[in-house]
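A.B. asks: Listed below, chain by chain, are the residues.
Number of protein chains: 2
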Amino acid sequence: MTLQTNEVRDANGDESRPHDHELRERAQRVIPGGMYGHLNMGAMPADYPQFFQSARGARATDVDGREFVDLMCSWGPVLLGHHRPEVDAAAARQAALGDCLNGPSARMVELAERLTGVVSHADWAMFEKNGTDATTLCCTIARAATGKNKVLVATGAYHGAAPWCTPVTSGTTPEDRANLIRYTYNDLGSVAAAMTDDVAAIMVSPFRHDAGFDQELVDPEFARGLREICDASGAALILDEVRCGFRLNFGGSWESIGVEPDLSAWSKAIANGYPLAAVLGNDRYRTAAQSLFITGSFWFASVAMAASLATIEVLASEDVIGRMQRNGQVLRAGIAEQAERFDFEINQSGPVQMPYLSFAGDADRSVGSAFAASALRHGVYLHARHNWFVSPALTDDDLAQALGATEAAFAELRRTAPRPR
Amino acid sequence: MTLQTNEVRDANGDESRPHDHELRERAQRVIPGGMYGHLNMGAMPADYPQFFQSARGARATDVDGREFVDLMCSWGPVLLGHHRPEVDAAAARQAALGDCLNGPSARMVELAERLTGVVSHADWAMFEKNGTDATTLCCTIARAATGKNKVLVATGAYHGAAPWCTPVTSGTTPEDRANLIRYTYNDLGSVAAAMTDDVAAIMVSPFRHDAGFDQELVDPEFARGLREICDASGAALILDEVRCGFRLNFGGSWESIGVEPDLSAWSKAIANGYPLAAVLGNDRYRTAAQSLFITGSFWFASVAMAASLATIEVLASEDVIGRMQRNGQVLRAGIAEQAERFDFEINQSGPVQMPYLSFAGDADRSVGSAFAASALRHGVYLHARHNWFVSPALTDDDLAQALGATEAAFAELRRTAPRPR
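Top to bottom, those sequences are chains A and B.
Adding 25 to a residue's 1-based position in the first sequence gives its number in our numbering.
Adding 25 to a residue's 1-based position in the second sequence gives its number in our numbering.
Simulated from the structure, these hints should not be mistaken for lab results.
Idealized CB from N, CA, C, for every residue including glycine.
Be a bit skeptical, because a hint or two may be false.
[Claimed, not checked] Taking lysine to any residue pairs in the SDA-like style, the calculated list, with each CA pair at most 25 angstroms apart, reads:
(1) B/K173 <-> B/D222
(2) A/K173 <-> B/N204
(3) A/K173 <-> B/T194
[Said to hold, decoys possible] Covered by chain A, per the in silico footprint, the following chain B stretches (three or more residues, Cβ under 8 angstroms):
(4) 66 to 80
(5) 96 to 109
(6) 122 to 136
[As the list claims (entries may be wrong)] A few chain B residues that don't get close to chain A, going by computed Cβ distances all over 12 angstroms:
(7) V55
(8) D87
(9) V88
(10) A217
(11) V243
(12) R252
(13) S258
(14) G276
(15) S281
(16) N297
(17) A358
(18) E365
(19) F367
(20) A395
(21) L428
(22) A436
With the rest of the complex left out, here is chain A (with noise of 0.2 angstroms):
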């Protein structure tokens, strides 16, 4: 693989190391496909890194040692920047006591009260550590809260991977699927008509954010509706944070528009990086949680937990999202220019801190994966079916790069790709 790009050796590149095609090679042998899951870059262009050696604030280096602006902040789960001091430093301490013991250390019951304090919904917080922990878990809660069976989800809404939820059906029974109830995202009659006796929520995302799809901003009035139909059926109103938390407002993300889920699901960004999920919930649902048997071998351990502490100390004190969203609108704005001056009719949807991007007519998405290789080649990493992470620790000059490597995948596309419209 030889590339024209401006590849920088990362500080400890070690020459002797494993090159990404022999990795993918070995991985072939050993892991089923080579790789599963959301990191899987098999559908990607062939010049996407599968391996990664190391990153920091807003950089992050492939095992051939390519440096790239990372505008996915490893699909979410870093929120600070890669390496962010205070939550490494608090994380380090914490592990130097203990991470695993065999109970909880006081990091859990601060990090609950902190969780409540400043998330508005919430007068309770339980620990797992995965996304899909926190997702089936509200859908748990709900259902022993209420009694009934049935949960309604967005068509095309992806809340998680396991068997009921996963988006690819392989391997899951008829009975995983058989309480979910499908609304469409933003139609408030299409969640009346839903609606039966044995509903015992509604599940939703902050915005709509379908991967491979234009995104949607929430209409308040679709919440405020949601809220009202819950409050009239006695079910459960469960927002799955695990994509938007703390990228929207730091209270939760329907902060803005005034409305309080029951439930909510939270992950990925929480503990910038460390593995940590929670539930939050209000007392209505408190007797229902109490009554669950809910558990994992690692959802008390500590290092995570003192990383979040961290993490929301930093939330706390700078404006994380302001930055976030500074550095969203510089990105969208200049792309918007690129794309106008190199005759591409563009779309860039979603909150800007966490952008999608698609070009008019590109229903396959082939002029979407030839920019990101090309803008790849340049300098960033930007991904063609799923929405971005905006980082808040992109400086000026990452920020340049990144803007210099979309331009160049502009032109290079207008001279090799048909014009679109």
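Using the hints provided, position chain B relative to the given structure of chain A.
C.D. replies: Just chain B now, with coordinates in the frame of chain A:
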């Protein structure tokens, strides 16, 4: 709470930090029930600490500064002793590079290679975060491979805390459990009777370790019979190694009896307390594993994988299991002698390195709880209704303190409790 015990302030003891009873009160406000899951000490005697401060080797210190000889190893995850230096060093080296990156690091391939090299039945590996992730994924792979739905599990067996397997059904739906069929452990006739045309898998633990019951080693004829039934029917044989993995045999818990599962679920001890789970499988199930979409935000993170590589390296270079067995034998012999001397009829069941202690006629576990509480006050952390995990890091001093504590507990019980026979 004043205790007559050989309590020791830990070296970093901070007198100003909150005590266990204060943390319990605070937890009651912000965590449902004050705690949940297997680390909820609500049902244990009042002296049992809910919150821990630190641990090292085979010693654990609670937030009140009481230091115990640790016979629980954090309920399994700690295999080599707390803070095994080689493991922590490998984790720290990887953490300095990156944990949760935009893709896996080379550690993932190295670990998949290592595990498939060590565990005899395994041709490939997939990684997750929870033991429940691993047992669930095994079922999903088996269903994808066979096109069938049912999974056979032993009555009373614990395979995790997801809706399909949690021992408490609050908040679960009938559909969550609709595809389970029960058999009786070590009873091949019950398995044969449970088979239908729609069985995708038989799941089994390496030995019977149902919480609250005397343990039962596997009958090799039963294991061989399961293999034959699976071969004849096309169902997958799934070995749930979450609790036993790397504690009975290096190459898999049934290596010594020569029965190979198709799929095995691992977690807990494989990274010496760092959060990791794994599914190992043979080539017959590779295509099915490849057909799923299963993932988690932190499943590809490298620190726990680096820790697992270092853990396996220690297992390969030292007789870890032999040391656990030797220490377990010392404890079993010592406790047997003490029980005899104090005239208690007890049963010590299961492998010596994963022992379970019960008292004859103690149906409500009140004698066992009193024994555990007394032993705790005298300096050993053990459990009354769950198997213990014997550490290879126990020194002769640790073993002497542990047996001193159990002796004091037997003596105290003899003074205060009615004779159970």
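A.B. asks: State for each hint whether it applies.
C.D. replies: For each hint, the structure was consulted:
With a C-alpha separation of about 8 angstroms, the suggested pairing of B/K173 with B/D222 holds against the 25 angstroms cut-off. The suggested pairing of A/K173 with B/N204 holds, with an alpha-carbon distance near 20 angstroms, which does not exceed 25 angstroms. Simply put, A/K173 and B/T194 have alpha-carbon atoms about 13 angstroms apart, close enough for the 25 angstroms limit, and the pair holds. A stretch counts as covered by a chain when three or more of its residues have a beta carbon under 8 angstroms from one of that chain; for the stretch 66 to 80 of chain B and chain A the count is 8, and the coverage holds.
As drawn, the stretch 96 to 109 of chain B meets chain A at 8 residues by the rule of a beta-carbon pair under 8 angstroms; at three or more, the given contact holds. Restraint check on the stretch 122 to 136 of chain B versus chain A: 12 residues with Cβ-Cβ distances below 8 angstroms, three needed, restraint holds. With a minimum CB-CB distance of about 4 angstroms to chain A, B/V55 fails to clear the 12 angstroms threshold, and the non-interface call is violated. The claim that B/D87 is not at the interface with chain A is violated, since a C-beta of that chain comes within 12 angstroms of its own (minimum 8 angstroms).
At the 12 angstroms boundary, the C-beta of B/V88 falls inside the reach of chain A, the nearest C-beta of that chain being 6 angstroms off. With a closest Cβ-Cβ approach of about 23 angstroms to chain A, B/A217 is found to remain outside the 12 angstroms limit, as its non-interface label requires. For B/V243, the non-interface assignment is confirmed: its Cβ lies about 22 angstroms from the closest Cβ of chain A, beyond the 12 angstroms cut-off. Listed as a non-interface residue, B/R252 keeps its Cβ farther than 12 angstroms from every Cβ of chain A; the least gap is roughly 22 angstroms.
With a least beta-carbon separation of about 18 angstroms from chain A, B/S258 lies farther than 12 angstroms from that chain, consistent with its non-interface assignment. B/G276, annotated as away from the interface, keeps every beta carbon of chain A farther than 12 angstroms; the closest lies near 16 angstroms. Non-interface call for B/S281 relative to chain A: holds, since the shortest CB-CB distance, roughly 25 angstroms, exceeds 12 angstroms. Under the 12 angstroms C-beta cut-off, the non-interface status given to B/N297 relative to chain A is violated; the minimum distance is some 9 angstroms.
Every beta carbon of chain A lies more than 12 angstroms from that of B/A358, the smallest distance being close to 25 angstroms; the non-interface claim holds. Every Cβ of chain A is farther than 12 angstroms from the Cβ of B/E365; the closest lies at roughly 29 angstroms, confirming the non-interface assignment. Distance to chain A confirms B/F367 as a non-interface residue, since its nearest Cβ pair spans about 27 angstroms, more than 12 angstroms. At the 12 angstroms boundary, the C-beta of B/A395 stays outside the reach of chain A, the nearest C-beta of that chain being 20 angstroms off.
Here B/L428 stays apart from chain A, with its beta-carbon at least about 20 angstroms from theirs, past the 12 angstroms limit. At the 12 angstroms boundary, the C-beta of B/A436 stays outside the reach of chain A, the nearest C-beta of that chain being 25 angstroms off.
In this structure, the hints that do not hold are numbers 7, 8, 9 and 16, in rising order.
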